[in-house]
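Could you put the whole structure together from the sequences, leaning on the hints where they help?
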Amino acid sequence: MIDTVVSVEMLVEEVLRIKRNRLAPDECTGNEKRLCIASGSHGDELGGQYICYQVIRRIKKEFENLIGIVDIYPTMNPLGLDAQSRDFPLMDIDMNTVFPGDEEGAILDHTAARLIKDMAGADICLDIHSSNNLIREIPQVRLNDDVIETIMPYAKLLNTELVWIHPSTSVRPGSLAYALNSIGVKTMVIEAGVALRIDYEYCEQIVEGIFSLMKQMGIWKGEVGEIRTPMIATDGEVQFVNAESSGLFVPNIKHSMRVKKGEKIGTIVDVITGSVEERIYAPCDGLVFTLREYPAIEEGALIARIFGGAMNE
Amino acid sequence: MNKEIIFNMNTAFRGEYAVVGYRFGHGDPSACIIGAMRGNEFQQLYMCSQLIAKLEQLEAKGAIVANKEIMIIPSLNYNSMNVGKKFWVSDNTDINRSFPGNPEGPATSRIAAAVLERVKGYRYGIQFASFYMGGEFIPHVRLTEEGVKNTSLANLFGMPYVLTASERTFDVSTLNYNWQKGGTSAFSVYTGATEWIDEERARQGVSSVLRFLTRMGIIRYNCHGGYISTVVEEDELLSIRSDMPGFFRQKASTNMEVTRGQLLAEIVDSFRGDVISRLVAPTDGIIFYQHIEPMVFQNSVVFKMIKKIHE
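Chains as they are written, first to last, in my numbering: chain P, 1 to 313; chain E, 1 to 311.
Derived from the structure by calculation, the hints contain no laboratory data. The model shown is predicted, which means the values in this text are computed figures rather than measured ones. Beta carbons: idealized from backbone N, C-alpha and C, even for Gly. Accuracy of the hints is not assured; some may be wrong.
Coverage of chain P stretches by chain E, computed from C-beta distances (three or more under 8 Å per stretch; other residues unrestricted) [unchecked claim]:
1) 8-17
2) 238-246
3) 257-265
4) 297-305
Printed below as a string of structure tokens:
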């Protein structure tokens with residue numbers, strides 16, 4: 001059933017509506033587990049849209065296997081998605097910094113508060129992101145270290161290569177994940193791919209993980225494919241590689257490759273002089289789980305993140 | 001006056017980018033003033049330029065007190081201003097959410113780290129800040145929760161109001177917070193404008209800094225005594241919200257004393273033109289903030305009032 005959970009009058013004749021698709025068994029006992037899947041708080045991230053579509057499609061196709069409630073919010077920032085703007089248009093504010101919001105507040109605060117109110121009481125929430133337009137990410141779950149004990153068993157089910165225990169902006173105060181975790185809704189952030197694009201393979205991988213989670217939660221009784229065991233990364237096991245020159249980044253490796261310490265990651269070239277400004281080498285053995293996608297860079301720009309901890313074969 | 005480079009880097013397509021500071025006097029690091037951190041802070045940059053011009057004159061007259069040094073950094077982010085962007089051009093990040101910064105991190109983090117490293121140790125830190133809400137407000141000096149102990153010092157700017165604020169989640173990544181943590185007494189000076197120049201209020205802001213520097217014994221300058229500031233807690237400001245969306249027809253303005261029931265604004269239907277809402281003052285007081293955009297969303301804060309105060 002599709003419901004409007006947020007409705008706000010806009011400046012001229014238009015109503016902003018944020019919709020939720022609730023998928024539930026025909027007859028509920030009231031004891032069903034409930035999973036929320038949220039996406040699109042950043043208007044330039046499209047992977048989550050496709051994941052929502054695939055989850056809904058599969059549930060509808062095998063509806064007899066649904067024994068719990070799945071609430072899907074594909075477009076939390078419809079104005080941003082429409083305008084291809086990462087932030088909430090008009091205000092230039094990152095929606096994922098305003099939670100839990102204020103129900104009595106203006107459009108953005110009100111929207112955030114209504115979403116939190118609607119998701120409150122769920123057992124688990126997944127907030128699906130697709131990086132930004134500058135860097136590509138391997139499918140990963142990001143967790144704050146204060147919720148590891150309660151959330152890690154679920155994070156491992158999501159069929160991602162990596163679970164990164166890291167206080168990134170996506171799980172900091174102001175984020176949907178932080179706000180929901182603080183009211184008892186176990187919330188995980190999934191990052192995969194790159195903004196403005198859809199990596200269909202990554203999406204299918206995460207969809208399988210979502211059904212695995214649903215099965216574990218007692219929401220799904222259908223068949224689930226084999227789920228990979230993720231590597232667990234803490235901040236100390238992740239090496240950041242930043243550029244020390246500006247120019248064009250020409251990679252020598254592919255995303256998701258395993259590299260050896262000293263292996264060439266790429267070069268930064270100057271387009272006026274035709275010279276190589278910098279050669280960038282891997283600081284450790286490991287998995288390149290983040291790699292620069294947008295080639296124009298400046299000093300300090302993130303080129304890669306390498307996980308150098310214990311790896312799966 | 002000495003110009004120094006505080007941070008520089010090469011950009012991919014626009015050559016070298018440098019953050020520069022202007023130093024007056026020599027010796028004890030006494031006061032540092034920072035201007036525009038965002039590409040839309042024209043008033044803040046303008047005020048710095050006027051302050052630099054004034055201090056240059058004063059230095060030529062020997063009016064900087066011996067063994068006192070003043071540093072002014074007019075802009076941290078003029079490359080965004082040059083292309084009409086508010087935040088850092090290449091990744092849309094905000095320098096004033098990047099403190100304390102990381103010298104090995106992305107560009108905004110490097111700038112924050114380099115600037116903080118250079119300005120730490122100054123006894124007084126002053127930022128010409130832009131208000132977090134678009135609109136017009138009464139000029140004031142704002143102190144964060146960390147800086148509330150400096151309320152009596154903030155009065156020495158002689159601005160009409162000193163606003164004390166509770167900590168917000170993002171404060172830890174701002175210059176003011178990190179300055180304060182490092183032992184500098186930090187103040188934010190707000191003059192009511194950001195994307196346009198309000199000449200009179202810019203002059204008021206510049207004068208307030210010169211007054212403060214005089215009273216702290218850093219410069220010799222004969223200036224008007226300014227206001228005996230009224231201290232207001234930000235949480236005590238009364239917010240008045242629009243109950244409908246539409247054209248915002250303003251009937252009251254900042255610094256105006258209003259009485260309970262007085263009409264503050266009308267909201268006009270965007271197509272039919274009729275008045276669909278009348279916003280009135282819920283109590284006596286003075287208008288501290290007003291919305292200035294032509295239209296307004298439902299539930300937006302359109303006025304903030306200081307309650308039960310008279311001119």
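Against chain E, does the stretch 238-246 of chain P show at least 3 residues with beta-carbon separation below 8 Å? holds (count 4)
Under a C-beta cut-off of less than 8 Å, do 3 or more residues of the stretch 8-17 of chain P approach chain E closely enough to confirm the stated coverage? n = 6 at 8 Å, threshold three: holds.
When I compare C-beta atoms, does the stretch 297-305 of chain P have three or more residues closer than 8 Å to chain E? holds (count 6)
State whether the coverage of the stretch 257-265 of chain P by chain E holds or is violated, taking the criterion as 3 or more residues with Cβ-Cβ distances under 8 Å. violated (count 0)
Against the hints set out earlier in the document, a violation occurs for number 3 only.
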